[in-house]
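2 protein chains.
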Amino acid sequence: MQIAVIGLGVIGGSIAKALKENTAHTVIGFDRDENVLLDALSLGAIDRTGSTAALAAADVVYVCLYPADVVHFVEENAARFKPGCIVTDVCGIKGGVWERLTEIAAAHPFVYVGGHPMAGKERSGFEASEAGLFYNASYILVPDGAPQDAVDTLAGLAGDMGFGTIKYCTAKTHDRMIAYTSQVPHVLACAYVMSPRCDEHSGFSAGSYRDVSRVARINAELWADLFLSNREELTDELSELVHNIEDLRGAIADGNRERLASLLAAAREKKEKFG
Amino acid sequence: MQIAVIGLGVIGGSIAKALKENTAHTVIGFDRDENVLLDALSLGAIDRTGSTAALAAADVVYVCLYPADVVHFVEENAARFKPGCIVTDVCGIKGGVWERLTEIAAAHPFVYVGGHPMAGKERSGFEASEAGLFYNASYILVPDGAPQDAVDTLAGLAGDMGFGTIKYCTAKTHDRMIAYTSQVPHVLACAYVMSPRCDEHSGFSAGSYRDVSRVARINAELWADLFLSNREELTDELSELVHNIEDLRGAIADGNRERLASLLAAAREKKEKFG
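Here the protein sequences come in this chain order: A and B. At position 248 of the first sequence (counting the first as 1) the number is 248 in UniProt numbering, and the numbers step up by one without a gap. At position 22 of the second sequence (counting the first as 1) the number is 22 in UniProt numbering, and the numbers step up by one without a gap.
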């Protein structure tokens with residue numbers, strides 16, 4: 001197949017590298033930065049750089065841009081994709097993007113399937129990309145009405161790239177779950193390092209500090225957009241978290257050892273049960 | 001030197017193993033569980049099992065019990081330690097323990113120096129102990145008035161055990177910093193897994209879920225005691241955290257992108273500056 005990757009950042013670059021390393025498909029790279037394209041070519045991460053003609057010949061198009069740019073790109077190129085071409089994205093939140101792309105696809109002969117590779121890094125850009133980024137990670141597909149063969153093609157490519165799990169769900173379920181599994185930890189990491197004690201932690205910290213604060217090394221512009229495009233689910237989940245912190249805090253403040261120990265034991269049980 | 005290790009759990013067991021692996025000192029093990037002592041002997045984690053006479057001959061005593069048991073043990077054996085013997089503990093919180101042991105030491109010829117090895121595991125007990133547990137970790141000493149040669153002896157042994165940093169501070173500073181670096185992440189992990197979404201996270205989660213939830217696999221009885229013995233510092237720090245979460249949540253709820261992006265950028269800057 002001819003596979004176009006639009007945007008060779010950490011995700012797009014890793015997709016290109018993983019496809020080149022594990023499949024015989026032709027990978028065509030698109031990026032606004034000429035130097036990134038030259039690097040990608042010289043590292044063998046892509047077979048060639050993109051053109052309007054190459055885009056029109058692609059069987060699969062991975063659009064690996066920021067959410068707003070994904071919509072712009074597909075709007076601009078909707079009439080160029082060849083009939084039956086599978087267009088997918090890598091947006092961390094489906095709200096907004098998924099509905100709009102589904103609408104555009106309905107009015108054109110290409111197929112859209114929402115996608116979300118559950119992998120990332122604290123660093124961004126092509127130089128942070130790697131063929132093994134997706135090893136054993138989860139890949140979420142949001143097919144909702146897309147033809148099964150297109151969904152199967154993307155699932156097959158995900159397997160080739162090294163993903164360990166393929167999860168299928170609706171856009172709504174995706175966003176509710178991602179609010180919890182990914183967005184809350186990012187909000188939390190940022191809230192955590194805002195404490196004045198952060199400035200003096202050196203020598204007093206170990207694994208638990210490191211783990212909670214890790215993703216505070218955040219891409220502020222990208223995540224501000226992701227948070228705002230999932231406002232309702234995220235604010236609900238943050239309220240749930242604050243409620244649970246206050247519950248534990250209350251037991252500690254009241255010196256209620258029995259209640260505190262029972263809350264902690266219940267948390268341990270959940271962690272052991274659900275992993 | 002003759003070194004006694006009281007309580008061969010994950011910390012005491014690791015101290016014994018690290019001393020045996022990296023020094024020529026004689027390590028004498030004490031544990032209420034006969035099977036643990038036999039295991040420790042057969043694995044060479046200790047040279048011999050303890051006795052009243054061996055305790056009276058020890059130059060250094062590591063008391064690796066739960067906080068309340070540390071105080072009981074030192075109270076009961078205060079008159080047995082030999083003159084000049086260095087007694088230290090491994091309690092994660094100094095409040096309560098440190099004052100009481102300092103009082104007892106003042107009335108006897110032994111020396112007490114508070115200690116806190118900043119390492120741990122989700123599993124407990126001797127079978128989870130390992131000689132390399134402390135590699136590159138931080139060891140906090142709370143000397144406050146203890147003779148310098150005793151402090152230096154413990155610092156030297158910590159270096160032998162593989163610790164990468166020795167930090168000196170008062171009991172009050174220790175507890176304020178530990179509330180932030182260690183206790184808040186543990187409360188947080190427990191609060192986080194209490195969400196109903198935790199039950200369905202499989203396939204939707206990646207590194208950030210794993211990192212925040214990791215320490216929810218908590219020893220409920222031990223941590224209930226640790227939280228309650230640091231009630232004031234911990235509840236203050238939890239209030240700070242909730243305040244900062246609410247700040248971010250407010251910007252998200254209001255759709256205030258500028259404020260949200262600036263809060264995230266500030267968090268990133270702090271994380272990059274302080275690590």
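These are computed hints drawn from the structure, not numbers from a lab. Possibly wrong hints are sitting among the right ones.
For chains that are exact copies, the list does not tell them apart, and a pair is met inside one copy or across any two.
[What the hints assert, rightly or not] Calculated cross-link-like contacts (lysine to aspartate or glutamate; reagent style EDC-like; alpha-carbon spacing at most 16 Å):
hint, residue 1, residue 2
1, Lys273, Glu122
2, Lys270, Asp199
3, Lys20, Asp47
4, Lys270, Glu200
5, Lys20, Asp39
6, Lys172, Asp144
7, Lys167, Asp144
8, Lys172, Asp236
These numbers come from a predicted model, not from an experiment.
Against the structure, the hints:
1. Lys273 to Glu122: Classified as between: cross-chain Cα gap 15 Å, same-chain 29 Å, threshold 16 Å.
2. Lys270 to Asp199: Cα proximity of Lys270 and Asp199: across copies only (8 Å, versus 33 Å in one copy).
3. Lys20 to Asp47: within (8 Å within a copy, 57 Å between copies)
4. Lys270 to Glu200: Answer is between: at 11 Å across copies they meet the 16 Å cutoff, but 33 Å inside does not.
5. Lys20 to Asp39: within (15 Å within a copy, 52 Å between copies)
6. Lys172 to Asp144: within (11 Å within a copy, 57 Å between copies)
7. Lys167 to Asp144: Result: close within a single copy only, 13 Å intra versus 56 Å inter.
8. Lys172 to Asp236: within (14 Å within a copy, 37 Å between copies)
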